[in-house]
Amino acid sequence: MNVLLYMLKRIIYNIPVVLLLTIFVFAMIRFLPGDPADILLSGEGGAEDPVVRATLMKELGLDKPIPVQYGIWLWRAVHGNFGKSVYSQEEVFTLIMDRFPATLMLALSSMIVAIMVALPAGIISAVKRQKPADYAAMIFALLGISIPEFWFGIMLILTFSLWVPVLPSMGYMSPFQDFFGSLKFLILPAIAMGLRMAGVVTRMTRSSMLDELGQDYVRTARSKGLSERAVIFIHTLKNAMIPTVTIVGLQFGTILGGSVVIEMVFSWPGVGQLIINSILTRDYLVVQAAILLLAVFFLLVNLVVDFVYTLLNPRVELT
Amino acid sequence: MANKDISMSPEVIDGPKFDWGRFAERFQDRFYDFRKNRLALIGIIIVISVLLVACLAPLIQMHDPLQQNIANRLQTPNWEHFFGTDHLGRDVWSRIVHGSGVALMVGMIAVGIGVIFGTPIGAISGYYRGKVDEVIMRIMDAVLAFPPILMALVVVTILGSSLSNTMIAIGVVYIPRFARVTRGSVLSEREKEYVEAGRMVGESNLSILFRQILPNTLSPLIVQATVFIAYAILTESALSFLGLGIQPPNPSWGSMLNEAKVFIESDPYLAIIPGLAISITVLGFNLFGDGLRDILDPRLAKR
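Quick mapping for you: the protein sequence lines, in order, are chains A and B.
Using our numbering, you'd call the opening residue of the first sequence number 24 and step up by one each time.
Using our numbering, you'd call the opening residue of the second sequence number 7 and step up by one each time.
Hints are all accurate, no fakes.
The following residues of chain B were derived to be distant from chain A, with all beta-carbon distances above 12 angstroms:
no.	residue
1	Met68
2	Gly95
3	Met114
4	Val207
5	Asn256
Here are the simulated DSS-like pairs of lysine-lysine, each with C-alpha atoms no more than 27 angstroms apart in a straight line:
no.	chain 1	residue 1	chain 2	residue 2
6	B	Lys267	A	Lys207
7	A	Lys87	A	Lys107
8	A	Lys32	B	Lys137
9	A	Lys107	A	Lys81
10	B	Lys137	B	Lys198
From chain A, some residues computed to sit far from chain B (all C-beta separations above 12 angstroms):
no.	residue
11	Met30
12	Met80
13	Trp98
14	Met120
15	Leu127
16	Met128
17	Leu142
18	Ile146
19	Arg245
20	Ile257
21	Val268
22	Tyr332
23	Thr333
Please keep in mind that the hints were generated in silico from the structure rather than gathered at the bench.
Treat the numbers as computed from the prediction; the structure is a model and nothing was measured.
Cβ coordinates follow ideal geometry from the N, Cα and C atoms, glycine included.
Chain A extracted, bound-state conformation (with noise of 0.2 angstroms):
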């Protein structure tokens, strides 16, 4: 009952937080020099017509002080009406919706491959803590949060695509479409992409181990005459893996946002290529739409791992 009504405290939290998040990206708009309908008609493709101009106007309210020209906009965005590009005269939302799929496969298939390296990396270099093997975790850690990950996708297409071509330097496939060819088109990325949450929750894992090993019960656990491992797999891990949950949710956001720069480096048909190619074209209404969908997505994620954190941790202050 107690975690029901503090889940549903979380979700009410969260509602005035992405009203706020649809103000920035309605002001957005407005806040670029220059008439809000010329701005929006102004991408490539934008057609002088008076008659789509008019068209506009009206359909966003445009000749209505600006906080009706929100509410018109926020009740249309609620319905997944963001209006047409300027540039492919298709309908935004599905625009987005059609990129979305890659975007989340790749986002995804990062985590994973981060946290398969991470969580032995770190578990490994806490139990050997100060031995070789507890120095290299930390180097690698190191490095992993301070390459840049576009430069670590251009180095891997080099190595991997070019010097020994065993993998597709960009593009991709559908899973549903040719489930191991996709792979094929995926692997560069999602490695790319990983690296940099591979260190950071290396690095998490390895400190919240730590903390852990250091407690009372593992003492006891170990006076019992339990076996090494299983003070390690059966006592400690369980509750060193709740900062680790955290940290996991927060990168996600990070993730996203290296999605824009990744998917640009592979050519990866996804919601940050949409975003980029989109402000280069100023074809706006996407730009406002992908940005707020991505953003609202993230907050999801972290109510998800809030969720799951008080589910592991029956400690946790439920206020």
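We have chain A already, so just place chain B on it with the hints.
Just chain B, lined up with the frame of chain A:
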């Protein structure tokens, strides 16, 4: 009577003013540990080297970093051009050297913007708590919901791409982050006795907050600032790589990578060198930040 005794003590009347001497002493004590910490030492050496390169750029450069020479384009590294020349025949060594200044300037000024705006916001939020805190932190949460690069992209879209707008865009990203850090420290600091004492002698809230509490929260702030300089440099390079940050012909490591992309197969050194420059600089700030954390913030120190 007890009350009178307390008010007599100058310690209590003034509150324990933030003591720079003690701060420096503590810093010196721990500096010994810093020297023992090899990684941190490497970090500080890297940071100082990059700073020196940036300051002495006109002396270290071999050629004008903007001088084009099509006849000499795409030379592989040689004695005349340490790092070769790019597609316009510009000397890559000189561009890398000058790029260090751009990276450091953007990193430091962006973080400076974050500190200047974020710290007071967080301090007020943590000190007054209640409604003020609620409202401020929700706004900060909303800003934090944008992944850093996206936030910077929004600002650059509004303001247009240029050196100063890149700094502003990245600085905006760090405002809520510094607000959070400061709020956290102020929340715990405001419960201490000296704050109560300050209030008893009728010091104003703002004076207590900015003259007594804030100086005591400096340590975590300095650590965060160092680490965020590393992130800011990464963000600048990403923005410039996308063509939305520093504009050509200014030498930025990110835009050099962007230009090198096309020549990756024939001239890989053009892409390798700027990436190494970014990585080493960011690594330096990360190592330095870790070392500072060990010195200034023993609670968070790695065991």
